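Visitor: Spelled out from the first residue to the last, the chains are:
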Amino acid sequence: MTANPIRLTSTEPVKPQAEIVPLTVAKRNPAGPALPKWLTTAISHVIPPLVMLAFLLIFWEIICSSPTASVPPPSRVVSETWELIIHPFYVGQGVDQGLFWHVLASLKRVALGYCLAAIAGIALGALVGQSEWAMRGLDPIFQVLRTVPPLAWLPLSLAAFKDGNPSAIFVIFITAIWPIIINTAVGIRNIPQDYQNVAKVLRLNQFEYFTKIMIPAAAPYIFTGLRIGIGLSWLAIVAAEMLIGGVGIGFFIWDAWNSSRISDIILALIYVGVVGYLLDRLIAFIAKAVTRNTASS
Amino acid sequence: MAKSYLSLEQIDMVFSRGGATTQVLNQVSLNVEKNEFISIIGHSGCGKSTLLNIVAGLTQATRGVVFLEGNVVDKPGPDRAVVFQNHSLLPWLTTYENVKLAVDKVFSSTKSRAERHEWTMRNLELVQMTHAKDKRPSEISGGMKQRVGIARALAMEPKVLLLDEPFGALDALTRAHLQDQVMQIHAELANTVLMITHDVDEAVLLSDRIVMMTNGPLAKIGEILDVPLERPRRRIDLATDATYTRCRSAVMKFLYERHRLVEAA
Numbered sequence: 085m086t087a088n089p090i091r092l093t094s095t096e097p098v099k100p101q102a103e104i105v106p107l108t109v110a111k112r113n114p115a116g117p118a119l120p121k122w123l124t125t126a127i128s129h130v131i132p133p134l135v136m137l138a139f140l141l142i143f144w145e146i147i148c149s150s151p152t153a154s155v156p157p158p159s160r161v162v163s164e165t166w167e168l169i170i171h172p173f174y175v176g177q178g179v180d181q182g183l184f185w186h187v188l189a190s191l192k193r194v195a196l197g198y199c200l201a202a203i204a205g206i207a208l209g210a211l212v213g214q215s216e217w218a219m220r221g222l223d224p225i226f227q228v229l230r231t232v233p234p235l236a237w238l239p240l241s242l243a244a245f246k247d248g249n250p251s252a253i254f255v256i257f258i259t260a261i262w263p264i265i266i267n268t269a270v271g272i273r274n275i276p277q278d279y280q281n282v283a284k285v286l287r288l289n290q291f292e293y294f295t296k297i298m299i300p301a302a303a304p305y306i307f308t309g310l311r312i313g314i315g316l317s318w319l320a321i322v323a324a325e326m327l328i329g330g331v332g333i334g335f336f337i338w339d340a341w342n343s344s345r346i347s348d349i350i351l352a353l354i355y356v357g358v359v360g361y362l363l364d365r366l367i368a369f370i371a372k373a374v375t376r377n378t379a380s381s
Numbered sequence: 003m004a005k006s007y008l009s010l011e012q013i014d015m016v017f018s019r020g021g022a023t024t025q026v027l028n029q030v031s032l033n034v035e036k037n038e039f040i041s042i043i044g045h046s047g048c049g050k051s052t053l054l055n056i057v058a059g060l061t062q063a064t065r066g067v068v069f070l071e072g073n074v075v076d077k078p079g080p081d082r083a084v085v086f087q088n089h090s091l092l093p094w095l096t097t098y099e100n101v102k103l104a105v106d107k108v109f110s111s112t113k114s115r116a117e118r119h120e121w122t123m124r125n126l127e128l129v130q131m132t133h134a135k136d137k138r139p140s141e142i143s144g145g146m147k148q149r150v151g152i153a154r155a156l157a158m159e160p161k162v163l164l165l166d167e168p169f170g171a172l173d174a175l176t177r178a179h180l181q182d183q184v185m186q187i188h189a190e191l192a193n194t195v196l197m198i199t200h201d202v203d204e205a206v207l208l209s210d211r212i213v214m215m216t217n218g219p220l221a222k223i224g225e226i227l228d229v230p231l232e233r234p235r236r237r238i239d240l241a242t243d244a245t246y247t248r249c250r251s252a253v254m255k256f257l258y259e260r261h262r263l264v265e266a267a
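Chains as they are written, first to last, in my numbering: chain A, 85 to 381; chain B, 3 to 267.
Careful, some of the hints might be misleading.
[Claimed, not checked] Footprint (simulated), chain B over chain A, 3 or more residues, beta carbon under 8 Å:
| no. | region |
| --- | --- |
| 1 | 175 to 189 |
| 2 | 294 to 302 |
[Said to hold, decoys possible] Cut-off 25 Å, straight-line C-alpha distance, at most; resulting in silico cross-link-like pairs (BS3-like, lysine-lysine):
| no. | chain 1 | residue 1 | chain 2 | residue 2 |
| --- | --- | --- | --- | --- |
| 3 | B | K107 | A | K284 |
| 4 | B | K255 | B | K36 |
| 5 | B | K77 | A | K284 |
| 6 | B | K77 | B | K255 |
| 7 | A | K284 | B | K113 |
| 8 | B | K137 | B | K161 |
| 9 | B | K135 | B | K107 |
| 10 | A | K284 | B | K255 |
| 11 | A | K372 | B | K107 |
[To be verified] Per the computed footprint, the stretches of chain B lying under chain A, defined by three or more beta-carbons under 8 Å from a beta-carbon of chain A, are:
| no. | region |
| --- | --- |
| 12 | 64 to 76 |
| 13 | 102 to 116 |
Quick caveat, the hints were computed from the structure, so don't treat them as lab data. Remember, predicted model here, so these are calculated numbers, not experimental data. Heads up, the beta-carbon is just placed ideally off N, CA and C, and yes, glycines get one too.
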């Protein structure tokens, strides 16, 4: 634009012309190459637990360092269980298996018992949530039965099934089902009147109402029940397996205790904790994926 | 005697809770002709929503009958589609799916899959919501939700469209915009509409007749006002229109002089 000379002879009013000078912004000079944002957030979430873990391990190492301590310090746990740590997929005779196989056996039992509990629990919860009479009839029974500790069911189920494995599965089932029933019932009871009115105006039949309104509307509650259920199942399986024997992380712990392998117990506990955590995250993840849109606006 | 298109005959509504009974509606009779736009106006608590629910079939009247085309109304159905005050869209479905749910149910045997899709889109178009067809209710504004609610109701091709304070929860500008849209749709489709409102201007602007309810309990129809304004109506022109002003003041007088809401303690 600066190339245009101002013509003084022109009859038009002269427009002042200005040159546009781009202002150069002084670049900030970061001290080093900036880290990507995701990395910094990851670090800020990973560093604190690692630091705390290190403190706990050091503390544990110190208080258990005397040779007469009844619980081994972390260094001895690692050295004594090194074989187990590096060979999780070891296959041996009978119950002499790698830890992976023990955990897998327990997970199989939990999966079966828990899935049965989820199906039966949601169905029963839907019944209790929908029908006033079912609620009056069944709720007191549920309230009593749900306080029975999981292991108290084991002798009864052993008597009924005459075998360890189905008994353990039944214990999982009976442990996980109560929170699923109760939360499903609450969720269905809390379906907003508006949605019910929509269903009535559209004349949805029972099946359509169940699939299109009831389940999606109650989904957040149902998943709360499912999440509590999976936690309880994992708690119960370890105890149940201690009693029924066979391959499984519970019996592994009991077996280790009987042969005074305290370090093995500690390693198994870490496995149990991590797997339990992962199970909880798994259900939470599914819940989030499924119910991401069901929150009432 | 030839029945009107929609007729409410001596509707009584008594609610009883424990030992106490309250009669909300008392001998409400109303005849609505086809293609008429009727507003029901009254102070809160006068039972106008109850009346709408009775027509919808969501509430059973204690005494009295509602006839639609000569048939007794005793349960809800898509021939009396309701636009609820709080839109009542299902939050887990997109706007398209919300309308489609109604279309699929009502036209399951009479329209093919492609026709149902087309009809859903056509109704979303009618309320100018095609651009947000894949959005969920939580992602759109209150006015948009209400438009989808209207689309869902219209998609059922109801004999009577029931609007329960449809614009009550919206801001003034959005409300005006939606009122214009409803007027346009009514002009285009000639629906029979029964609308609950507590907004005098809205009632006069939209209605052919305004039904004014006395205060509850024992609410009844106090007066019915004809609104002899030419359609199409434009709110700008009406602001200075003599008939509009007369109708408006008639409703105002009814509501604020003769039937002022007396606050019960």
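Visitor: Compare the structure with the hints numbered earlier in the document and write down the numbers of the violated ones, lowest to highest.
Guide: Checked against the structure, the hints that fail are numbers 1, 4, 6, 8, 10, 11 and 12, while the rest are satisfied.
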